[in-house]
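A.B. asks: Protein chains in written order, with the working numbering: chain F, 1 to 242; chain L, 1 to 409.
Note that these hints are calculated values from the structure, not bench results.
Nothing false has been slipped in among the hints.
Here chain F is said to cover these stretches of chain L; the calculated rule only asks that three of the stretch's residues, wherever they fall, bring their Cβ under 8 Å from a Cβ of chain F: (1) 314-324; (2) 393-406.
Per label pair, the in silico range of CB-to-CB distance: (3) L/R395 x F/Y20: 19 to 29 Å; (4) L/T12 x F/H85: 19 to 29 Å; (5) F/Y20 x L/L391: 24 to 34 Å; (6) L/A47 x F/R83: 51 to 61 Å.
Please read all numbers here as calculations on a predicted model, not as lab measurements.
Backbone N, C-alpha and C define an ideal beta-carbon position, used for all residues, glycine too.
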Amino acid sequence: MVDLVVAPMLVVARDLTKIYILGDTELRALDGVSLTVVQGEFVAIMGPSGSGKSTLMNMLGCLDRPTSGTYTLDGQEVSRLSRGHLAEMRNRTIGFVFQSFNLLARTSAIENVELPLVYAGLGRRERRERARVALESVGLGGRLDHRPSQLSGGQQQRVAIARAIVNRPKMIFADEPTGNLDTKTSVDVMALFQTLWRAGLTIVYVTHEPDVARYASRIVIVRDGKIVSDTKQEPLIAEIAA
Amino acid sequence: MNLINVMPIAFTALMRNKTRSFLTALGVIIGVASVISMVAVGEGAKARVSGVFAAMGTNMLIILSGSTSTGGVSGGFGSMPTLTWEDLRAIRNQAPAVRWAAPAQTTKVTIAAEDQNWTTSITGTSPEFFDVRNWVIDRGSLFGDSDLQAATKVLVVGATVSDKLFGPGSDPIGRTVRIRAVPFLIVGLLQRKGQSPMGTDYDDAAFVPVETFQNQIQGGLQNYIAGIIVVSAISAEDTGRAQSEITSLLRDRHHLGPKDDDDFNIRNLTEMANAQQQGTQTLTALLAAIAVVSLVVGGIGIMNIMLVSVTERTREIGVRMAVGAKPWHVLAQFLAEAVTLSMIGGLIGIVLGSVIARVVAGRLGWTYSPRVDMILLSFGFSALVGVGFGLYPARKASRLDPIEALRYE
Chain F
1 MVDLVVAPML VVARDLTKIY ILGDTELRAL DGVSLTVVQG EFVAIMGPSG SGKSTLMNML
61 GCLDRPTSGT YTLDGQEVSR LSRGHLAEMR NRTIGFVFQS FNLLARTSAI ENVELPLVYA
121 GLGRRERRER ARVALESVGL GGRLDHRPSQ LSGGQQQRVA IARAIVNRPK MIFADEPTGN
181 LDTKTSVDVM ALFQTLWRAG LTIVYVTHEP DVARYASRIV IVRDGKIVSD TKQEPLIAEI
241 AA
Chain L
1 MNLINVMPIA FTALMRNKTR SFLTALGVII GVASVISMVA VGEGAKARVS GVFAAMGTNM
61 LIILSGSTST GGVSGGFGSM PTLTWEDLRA IRNQAPAVRW AAPAQTTKVT IAAEDQNWTT
121 SITGTSPEFF DVRNWVIDRG SLFGDSDLQA ATKVLVVGAT VSDKLFGPGS DPIGRTVRIR
181 AVPFLIVGLL QRKGQSPMGT DYDDAAFVPV ETFQNQIQGG LQNYIAGIIV VSAISAEDTG
241 RAQSEITSLL RDRHHLGPKD DDDFNIRNLT EMANAQQQGT QTLTALLAAI AVVSLVVGGI
301 GIMNIMLVSV TERTREIGVR MAVGAKPWHV LAQFLAEAVT LSMIGGLIGI VLGSVIARVV
361 AGRLGWTYSP RVDMILLSFG FSALVGVGFG LYPARKASRL DPIEALRYE
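Excised from the complex, chain F in its bound form:
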């Protein structure tokens, strides 16, 4: 209770379900998931493939709407918002990091990072400045004008993280952020997430690797569209390889 008073609840999901109709069979990707995340948490969602963890992530990240249930993000009920308002939530309140980076090809790192600010309606000069600061904070201050094809996988993911934080969101959602990276680079990326977390960001990420989940302060395990376990843990400190 003490925690709740001090830290506001950012994510309050109640009985989320998502049903896909495939021909005449019903696929329950989410089957009544309730989840609360308070500010300052660093949550790993685990589960085997097909467990519904990615569907849950898309839902929490405002990319998808539930079939039923309610979802309040930062005090706002979003499960019934229009596409335009969902876009606004994705732009202002959260940052999203993907497994496959999802940077725009043939577009420089700084322009990629500027993208959310373009849709936030910021002027050109301010966009540049904030994108530059964000890239410096992820250690890519010297690669502003590199294109994704000129960057390594770890660097591309750091550009994506800079893009996720550039509009100063309250939360970051990451879907298998280390899935396309080797072990050493994965640790680097997790170290970066831990730095951001310590600086006050709330982070929720999906992974299927127990090693990667150890860096979180809480592990939620999803199986067959349901949460089967939810435990807090002392996070392992990720150390950047020398």
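With the hints as your guide, set chain L onto chain F.
C.D. replies: Frame of chain F, contents of chain L only:
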């Protein structure tokens, strides 16, 4: 993102694939270029036609005498003289829409100078004739009313006649030539007028006072005019009025009953010019229509490529949506790309079309007159083509589902 920075974003996106952007715009370039050049060529043709008719005369009507009708065989107009000198006087004085009227009696003669002779058409007329024909004297002077009354043997020649008799560019004023052994003094040289629509050389002609003509060259018919009357209406709009005034005047004077046919014939050159003008205009409209069709085809080309582009860039659209692009942002971006393509295509087309029109006009010796309204119109139309044919692909892009779009390979 707002509407001010959507254009630069679209431009940047297009510059990432220059070859394709150019090929896409090519349809619009060709469309606009053909609109501009076709219309300019049409305008040139029109200007030329009006120039030709202006050379024939100012707001001109020609009155021919009537036809004979003996035993059921009708002769052509002019086969029987019905117009009298009194008629001419009446037309001059009693038809308010008539500015000038002059008789014209023409035949072929051989004019002999010292060492050259030249066969040409000679016309007996009055000074008003030159006003009607809008023909100015280049050197010397016209004959006046006193020459008419005294039937003086003076001659006004066209430039070709002067060239043939005395050599090109020489001054014929004051020289004496002989027509049917009678000496004539050349008092005036007319300004060069060029060719008629049928290719006749206007400048191959000579003119004498009508009295002189009847005395020395071809006898007259006493009361009747053995030729035509040329008339100039007070303005181009009044040629119809002049025609009806002259018709009723002449019918009255010739005592024709309501059932009788006219015993004269009036040709309205302005109407002929207008008919010709309409012909050119129809042609211009036809050419412009073809050009517009090619512009529409260009627009379909844009739609085609934009649709391919939306499919190809599905993932990009997904990324943009994931970081906060609203559906209308995506719509605006793709629409702006289509409009930018078509407007740049339009601009290039305008330049290209103007160059083509200039070259064509130069080759044909026409004057090239750029039509600003057509340039603005085709530019606006090409922008409209961009909006029209860009809307469908842009809507398609804006309705993509972000998750599906991100998953697209």
